[in-house]
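Each chain is listed here by its residues.
2 protein chains.
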Amino acid sequence: MTLLTTPRLRTADSALRDRALAVVPGGVYGHMTVLQQMPPSYPQFYSRGAGARVWDVDDNEYIDFMCAFGPMIAGYANPVIDAAAAAQQVKGDALAGPSRHFVELAELLVDTVAHADWAMFAKNGTDATSIAVVTARAETGRTKLLKARKAYHGANAWFTPNPAGVTAADRADIIEFEYNDLASLEAAVAEAEGDVAAIIVPPFRHDALYDQELATAEFARGVRAIATRIGAAFILDEVRTGFRLDMAGAWEQFGVRPDMTAFSKGIANGYSLAAVVGGQAYKEAAASIYVTGSFWMGGVAMAAAVATLTLLRDTNGIRTMNAAGSAFRTGLQSQAAAHGFGLVQTGPVVMPFMRFDDDAELRQVFAFTDAAVRRGVLLHPWHNMFFSAAHTLDDVATALERTDEAFAETRSLFPL
Amino acid sequence: MTLLTTPRLRTADSALRDRALAVVPGGVYGHMTVLQQMPPSYPQFYSRGAGARVWDVDDNEYIDFMCAFGPMIAGYANPVIDAAAAAQQVKGDALAGPSRHFVELAELLVDTVAHADWAMFAKNGTDATSIAVVTARAETGRTKLLKARKAYHGANAWFTPNPAGVTAADRADIIEFEYNDLASLEAAVAEAEGDVAAIIVPPFRHDALYDQELATAEFARGVRAIATRIGAAFILDEVRTGFRLDMAGAWEQFGVRPDMTAFSKGIANGYSLAAVVGGQAYKEAAASIYVTGSFWMGGVAMAAAVATLTLLRDTNGIRTMNAAGSAFRTGLQSQAAAHGFGLVQTGPVVMPFMRFDDDAELRQVFAFTDAAVRRGVLLHPWHNMFFSAAHTLDDVATALERTDEAFAETRSLFPL
Chain V
1 MTLLTTPRLR TADSALRDRA LAVVPGGVYG HMTVLQQMPP SYPQFYSRGA GARVWDVDDN
61 EYIDFMCAFG PMIAGYANPV IDAAAAAQQV KGDALAGPSR HFVELAELLV DTVAHADWAM
121 FAKNGTDATS IAVVTARAET GRTKLLKARK AYHGANAWFT PNPAGVTAAD RADIIEFEYN
181 DLASLEAAVA EAEGDVAAII VPPFRHDALY DQELATAEFA RGVRAIATRI GAAFILDEVR
241 TGFRLDMAGA WEQFGVRPDM TAFSKGIANG YSLAAVVGGQ AYKEAAASIY VTGSFWMGGV
301 AMAAAVATLT LLRDTNGIRT MNAAGSAFRT GLQSQAAAHG FGLVQTGPVV MPFMRFDDDA
361 ELRQVFAFTD AAVRRGVLLH PWHNMFFSAA HTLDDVATAL ERTDEAFAET RSLFPL
Chain Y
1 MTLLTTPRLR TADSALRDRA LAVVPGGVYG HMTVLQQMPP SYPQFYSRGA GARVWDVDDN
61 EYIDFMCAFG PMIAGYANPV IDAAAAAQQV KGDALAGPSR HFVELAELLV DTVAHADWAM
121 FAKNGTDATS IAVVTARAET GRTKLLKARK AYHGANAWFT PNPAGVTAAD RADIIEFEYN
181 DLASLEAAVA EAEGDVAAII VPPFRHDALY DQELATAEFA RGVRAIATRI GAAFILDEVR
241 TGFRLDMAGA WEQFGVRPDM TAFSKGIANG YSLAAVVGGQ AYKEAAASIY VTGSFWMGGV
301 AMAAAVATLT LLRDTNGIRT MNAAGSAFRT GLQSQAAAHG FGLVQTGPVV MPFMRFDDDA
361 ELRQVFAFTD AAVRRGVLLH PWHNMFFSAA HTLDDVATAL ERTDEAFAET RSLFPL
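Quick note, the sequences are listed as chains V and Y, same order. Mapping to the working numbering: the first sequence position 413 is 413, numbers consecutive. Mapping to the working numbering: the second sequence position 43 is 43, numbers consecutive.
By construction, these hints were calculated from the structure, which means they are not laboratory data. Idealized CB from N, CA, C, for every residue including glycine. Hints are not guaranteed to be accurate.
[As the list claims (entries may be wrong)] Restraint ranges, calculated between C-beta atoms of paired labels, are given here:
| hint | chain 1 | residue 1 | chain 2 | residue 2 | range |
| --- | --- | --- | --- | --- | --- |
| 1 | Y | Thr315 | V | Leu21 | 42 to 52 Å |
| 2 | V | Glu218 | Y | Leu35 | 26 to 36 Å |
| 3 | V | Tyr210 | Y | Thr228 | 41 to 51 Å |
| 4 | Y | Val344 | V | Ala114 | 31 to 41 Å |
[Unchecked claim] Okay, the calculated bits of chain V under chain Y, using three or more residues with CB under 8 Å as the criterion:
| hint | region |
| --- | --- |
| 5 | 225–233 |
| 6 | 259–272 |
| 7 | 338–351 |
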């Protein structure tokens, strides 16, 4: 059996890493850094994308299951979306005020998201979650934010998972509970002593490094009921999940609607945009807060968002993602079994997370990811992955041919 | 003398305002809303820009002195910058990691900004000021941030000028002092009792609604000396001023260099980008904090920034802006005198602020701005304005022909 493939060319990538280390703290920072936390073959710098493929700076091609960590939802270089954006770009992006796309996108979101009566736009997912929290505080006149332990809602001082540079005051208004645990949520409510402004939750548990956990219907309905009972805002954080689970809202399956939802990532297929949508009850409060940004009114990303959401809706993009995601999950599971691995895949098939049984130090999953990357399949060993409407069953079939070899190679490194 | 001109066409703008009010809190929010705070003729929605001109959605043309509140610095639809951005856009923006532009832009900033040894990138000016503050706290292990009263450093809960939705904890680590007043800064230092992480200041006082005030050399040198003495970070907030005053840093004129500088707005001529640059002493701390964003590694805005900064440097864009700004200030001042107005113009000529004497309720400046807008000159009655490298002396001469009429009209409304 052929096991180790030749390492792929890494000349340009290595040179850029060295240059980056000289002029950027840590070389590359944030969720995209590969230094010290990813398998050795993982590329750091990329040159281009098309459909469901990306190319690194050494021109190695990958079938991409990261979708830029979510922003790509309808294929890299999607011609319809890029044409809509380019048509506005030649006219201008940041102007002296918003363009017509601002209104058209707000109307489209109100039409698309079941609970939405209004929309506001920003540039980061963190902007969107923060606007929702500030709006909740303005409406309720209360301070405390209840969030699930380990849940990621952004990288500002309220939320960042790393305490460096964070003060006690930054977290003074946050109380944590356990996801999918209503008793724990009730305990957090009690601890707040009537001062709960908002409860924020993701539609399912997608904390990095942990098995994903779908919300139970009981939890979803309970969050809604508790927020209503105590007069707090219920904020659904769909920054990561938006338009991949249900165009109308991730908890429509439970008949549960939040007061506000935060979107970003896939909303404009990679153009920088975030949105908050909300119900009538929070509209006046949302108008009373001061939030703004230098580029927030730019028309290009909004034109791209209108094109993205329209395309996903008209082509049933979510069904396409699910078909590809299901095929990949089933294929990986049977390959793992054939090679004697206990592979644990969790979360929605369009946003899979994988780990190996008895692999607490991630050695097997790192080896497997490394082997897959060297064969042109871009997976992630400890973060959820993403499917897009551009992932075809052919892409999945090709990727599975390569992952079968990657399992074999991994088995050779970890003999039974 | 012809005074009131025919109101310009506002059909499309009015229709969009009505539609926006239905689906967006407040219609338009933030610094670009015109509802209830701007003269009646002011347009709200825009369709395009070219050079130093913008067109509203009714196709009225304006000589633009707002530059999108700063992002436009080298002309709308600048062909060189847009070509650089488009060349990356066809390859992809958000990919699985940064592009080569990430490294090239960091190197260019280190070459351009005198005190910079490293750079990090984000999407909002607020991101940049916040990253600098968190980095300062990580390096010093202290908490307090000293800022000038009324100084605007962003729209997050630490900084927003409007208290709606802001909690006591959000501001618990901030102590204020008076700009250009070292005794006041020393008092703030004393109040912090050894716990100062950072002092943040803009290069000059540009608070909306107030006369602008240049920093004195004594103040600039004093801020640097005090920060050094107490072991705190000195952060210069150049989000608004960056690359309009001095490519190497706004306080180079005083021989004063900060520990970190925040940039955004003009850095990429309208493409969404922010940057923090810093000195070696803060590099390790900057690598230790967790900040990131879904679109922060996108190559398009970085390619645009490389092109923008290169163009400004190679063509001495700041000299061009100053020539236009000086001509406009001189022209306005003599026109105002000829019409019997006491016009007060403050701040650098490239970022002018104007008000009328004895006009506490802004009635005269609103009337003047309204008259100028109806004649195709986009001014602002209570916020600083901006010049770009695309503003020619011909643009200024044409604008001055129209402002002379606007002064005359204003005089007719406020007879001597």
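So, going through the hints one by one against the coordinates:
Against the hinted window of 42 to 52 Å, the Cβ-Cβ separation of threonine 315 of chain Y and leucine 21 of chain V comes to about 32 Å, which falls outside the hint. At about 44 Å, the beta-carbon gap between glutamate 218 of chain V and leucine 35 of chain Y misses the expected band of 26 to 36 Å. For tyrosine 210 of chain V paired with threonine 228 of chain Y, a C-beta distance near 45 Å keeps the hint of 41 to 51 Å intact. The hint said 31 to 41 Å for the Cβ distance between valine 344 of chain Y and alanine 114 of chain V, and at roughly 53 Å that hint is violated.
Counting residues of the region 225–233 of chain V whose C-beta sits closer than 8 Å to any C-beta of chain Y gives 0, which falls short of three, so the coverage hint is violated. Here's how the region 259–272 of chain V fares: 5 of its residues keep a CB closer than 8 Å to some CB of chain Y, so the rule of at least three is met and the hint holds. Coverage of the region 338–351 of chain V by chain Y is violated in this model, with 0 residues showing a Cβ closer than 8 Å to a Cβ of that chain against a need of three.
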